[in-house]
Every structure is written in structure tokens, then in C-alpha cells.
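Q: Chain order of the listed sequences is A and B.
Residue numbers in the first sequence follow our numbering, run continuously in steps of one, and reach 265 at the last position.
Residue numbers in the second sequence follow our numbering, run continuously in steps of one, and reach 1257 at the last position.
None of these hints come from the bench; they were simulated from the model.
Do not rely on the hints blindly, as some may be mistaken.
[As the list claims (entries may be wrong)] In the SDA-like style, the derived pairs of lysine to any residue whose C-alpha atoms are separated by at most 25 Å in a straight line are:
1) A/K179 with A/T202
2) A/K234 with B/P1150
3) B/K1123 with A/R151
4) B/K1058 with A/G194
5) B/K1170 with B/K1024
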Amino acid sequence: MLLAALDWHILWQRIFHPDHVFVLALWRTIYISVLAQVLGVVLGLIFAFMRMSRFLPLRLLSGLYVLIFRGTPLIVQIFFVYFGANLLFGFNLIPRTVDFGLFHMDGAAFAGIIALGLNEGAYMREIIRAGIDAVDTGQMEAAKSLGMPHRIAMRRVVLPQATRFIIPPLGNEFNSMMKNSSLVFFIGVTELFGDAEIRYSTTFKPVEYFLAVAFWYLVLTSVWSVIQAQIERKLAVSERGDELSFRERVFEAWAPVSAWGRGAR
Amino acid sequence: MTEDGNVMFAEDVHKSFGRLAVLKGISLTVKNGERVCIIGASGSGKSTFLRCINHLEKIDSGRIEVNGHLIGYREEKGRIVEDTENNIARQRCEIGMVFQRFNLFPHMTALENIIEAPVRVRKISKPVAVKEGEALLARVGLADKRNVYPGKLSGGQQQRVAIARALAMKPALMLFDEPTSALDPEVIGEVLDVMKALAFEMGTTMIVVTHEMGFAREAADRVVMMDDGRIIEEGPPAHFFDNPREDRTKQFLSKIL
């Protein structure tokens, strides 16, 4: 009965014959997730270093950042950035459209990336800090005993080794990011979920469209988890000891991702 | 080195971890080319004192000078304040340190470990640093391991690379913090041989915290006995091992020899 009520044709079309509107929506979901994740990692690094700073104000600022962005709902942050930021700062912080030459997006997508990135940065700060803490303290001592200032010791000795601890949770964060990016529909970005919602509102066929969009999210997260497993497997293999340096192993591990990216384009 | 030939000068050094007093007034002078071995039971503060010399630990009071420069602190209008990080880093260039657990950088090859600080800190050009690094590897008997990562080296080999890494900065003073304590018995000899070569052939000034009494007897100019945060006895090894003055030293030696 229930299955008979499904319009199988719509579901079939959505999955096997996606139209160009849908493809654009899929592309938006991908670039919003990737750019927000990159922003999150950069912010996470900056705030992780502020957290370790000798200056109390920087440490407090870093704590406040995590307190706010982990302590309030993501959807509130997205609305605040999109609707509130321009009013609050008195100038157009979020432009109507953002143009990077070949690539342009509208202001809502830009605001969404900023908000998702800001939120992600709070979680990345904790992940990066834990990764740095996991590196044996003897490494920093050895670097310092050789006369390296803290900055160089961090960049050349500690961070490369922290990467190993940061990469697995970073992969999980990106998985969440792809799903959370659906929230930017509420500020008017037609990404995957937005596309489904618009189709539903014109056809009143929620089951077909939301089932189809769930399927596509599942494709995204599944493809990512295969890539992630590949990366982690390669990092683990090298831990058992081969002739590659850790730097080379990280590069190797990411190589299939870039190959995949080239293939997709 | 100062005019009177002192490389290291420590005066009334005190250090506590919380309520636990670890160093209770250490004074020690080490002259250029001198080899000093510090012995004592674990918990006597010998490693902590060594770590104070290159300011890996902050001291509570007293003063430590290397080459006549106050370490970790500077005098400002009669008061002593902690020095800036860059100044401390610069001072540490003159003080090599070898750790019990080697602490080689696992993501770099043996040669990369050695040239990292000379290139990044001393700003020596890479070809020159590589040449010197290869010479150092040859000196510690590991010329064929230049492109091998620490994970593939035995403990003894890792420690020899660590010694070469410290020497690459051409320090005025070398500190060894129980360099053989984490090693399998069969490879201790190869590390001690490298250290003896440093002492006898290069005349390196060194302070060695060790439990290797054979090494102390053979290579040290002076042996220092620490107990409960104080230096209780010091002297040339012949006197020290054959005629110890203090009861505490006799007890310790009878247990360890």
C-alpha cells in the first residue's frame, strides 16, 4: 500500500536522470562544504595557537570563541551572519554577490560558508589542540635544546607530527559538514536540500523528493568515507615503518583524493 | 669561555616542583675541555640540574652562566627577569643536549635531523650543512644511514645520531642526560665509545649524568655525587671511586658497583 503510493518515476528520475538545476545544487553543496571546512581548519589553527599563547587576552578570546560557537545553535549563527552582520557592523560585510573571476556565488552562499566555517573553527580548534598535545613533549624539548625558537619548533617539528592525530577526526568533521551545509537553505541558498524542498513545495510529493535527496547525501558521505578510509589506511601502513618520510606519506595518502578530483573535473 | 676558562658556572641554584624542593643550592664550575660526570640515586636532582643549564627548567633562585652569559634570565636595573624567547633560543645554540629517550624527529631522516637546526637557526647554507652533517654521521659511524628514518634505527644508532645532531650546532658545552639508560645492554658500548671519542679526540666540554661508572672512571676529569638536591662530594675519579669520603657516597657506590 505504502510503496504503491510512491511515485517511482519521480524517484527514478531524481536519482538516475538528475537535471541541470539539481547538478548545480549538488555542486553548491560540495563547494560550500569544502570552503567552509577549509575556513574551519584555518580558524581552528589560528585559535589553537591563540589558546597556547602567553598573552592572557588572546587565550581568553580563544576561549570565548569556542564558548560562543559551540554553545549556540548553528542555525542561529547562520541567520545571524546573513541577516545580522551587515546591520551590526554598519557596512556590507556580506556582499550581494561574490565574484572570484571564474567563479561566483551569491551573498547568501557566502554568508553560509562564513557561518559554517566559524562554527567549524570552534571544533577544529579542539581537534588541533588535542593533536598538538598528543605529540611527545620530548620533541619540543629536543627542538628547543637545538636553539630553535618556539615558532620554528612548532612549524618544523611538532605540527608535522600532529597531522597524524588531526587527520582522522578532521575526516569525521567533513562528513558532518556536508550534512550540516543543508541548513544554509534557510537563508535562501538552493543547495541539495533546498532543491528538494522547492520541488516538494510545488508538487506536494515529500516522500519522493526527500528520499531522493537523502540518497544523494548518502552518496556524498559514502564517497567521502571511502576516501577517508584510504587516507587513514595509508597513514597506518606507514606507521609500521617503511622508507617514506611522514611528509611523503601524508602527500601519498592525499594523492588519490587529488586524482579523484582531477577525474571528476 | 670566560677569561678564567669557565664554560659553565652555577651558583646556589634552587629549584622546586610545587612543594617538593629538588635542588637545594647547587654550585658547580666546569672549565673548558673538562668532562664532568654527575652521579647519584634517582630523585637526587641530577637530571633536573642538567635541564636547568639550558633553561628547559626555570630556576627559582641562584644563577647559571654559560660562557659568562646568564642563562634564561637577564639583569635589568639590578633585578633579574626572565629573558626573551629569542635570546634564550640563541643561548641554547651554544649548549648541546642529548636525551635519555633520544628524541630524534621521526619525520626526518638521520641527515635531515642533523642539518635541521644548522640550516633553520644558524642559517648555514644547505650544501655546507649537508657536508658537515655527513662528516658528523661518519664520525659516529653511521655514514651509511644518512637517508634512514629514526624508526628504522636501533636505539644505539638513534642515540649516536642524536649526539651528531647536537654536535652539528658546534656547541661550547655538551649535556648528556642519562644517554645510555634507555638502551639495550649490548648497544650501550657503541654509544659510550662515541662519547669517549668526543672527550679524548675533540676535547669537548661535557657534563654527563650517568649510571655508567666504568665510563665515569675512564673518561671523567671529575665526578660529582648528588644526593637529595645537593652536591655532597666531588673529585677526580681515582680518588672518588677508591677513597670516597662521605658515607652516603660509599653506600651508593657499594650498591651500584
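Q: Look at each hint and say if it fits the structure.
A: Checked hints:
1. A/K179 with A/T202: Within the cut-off at roughly 24 Å; holds.
2. A/K234 with B/P1150: The given pair, whose Cα atoms are some 19 Å apart, holds under the 25 Å limit.
3. B/K1123 with A/R151: holds, 16 Å
4. B/K1058 with A/G194: violated, 59 Å
5. B/K1170 with B/K1024: violated, 32 Å
Of the numbered hints stated above, those contradicted by the structure are hints 4 and 5, listed in ascending order.
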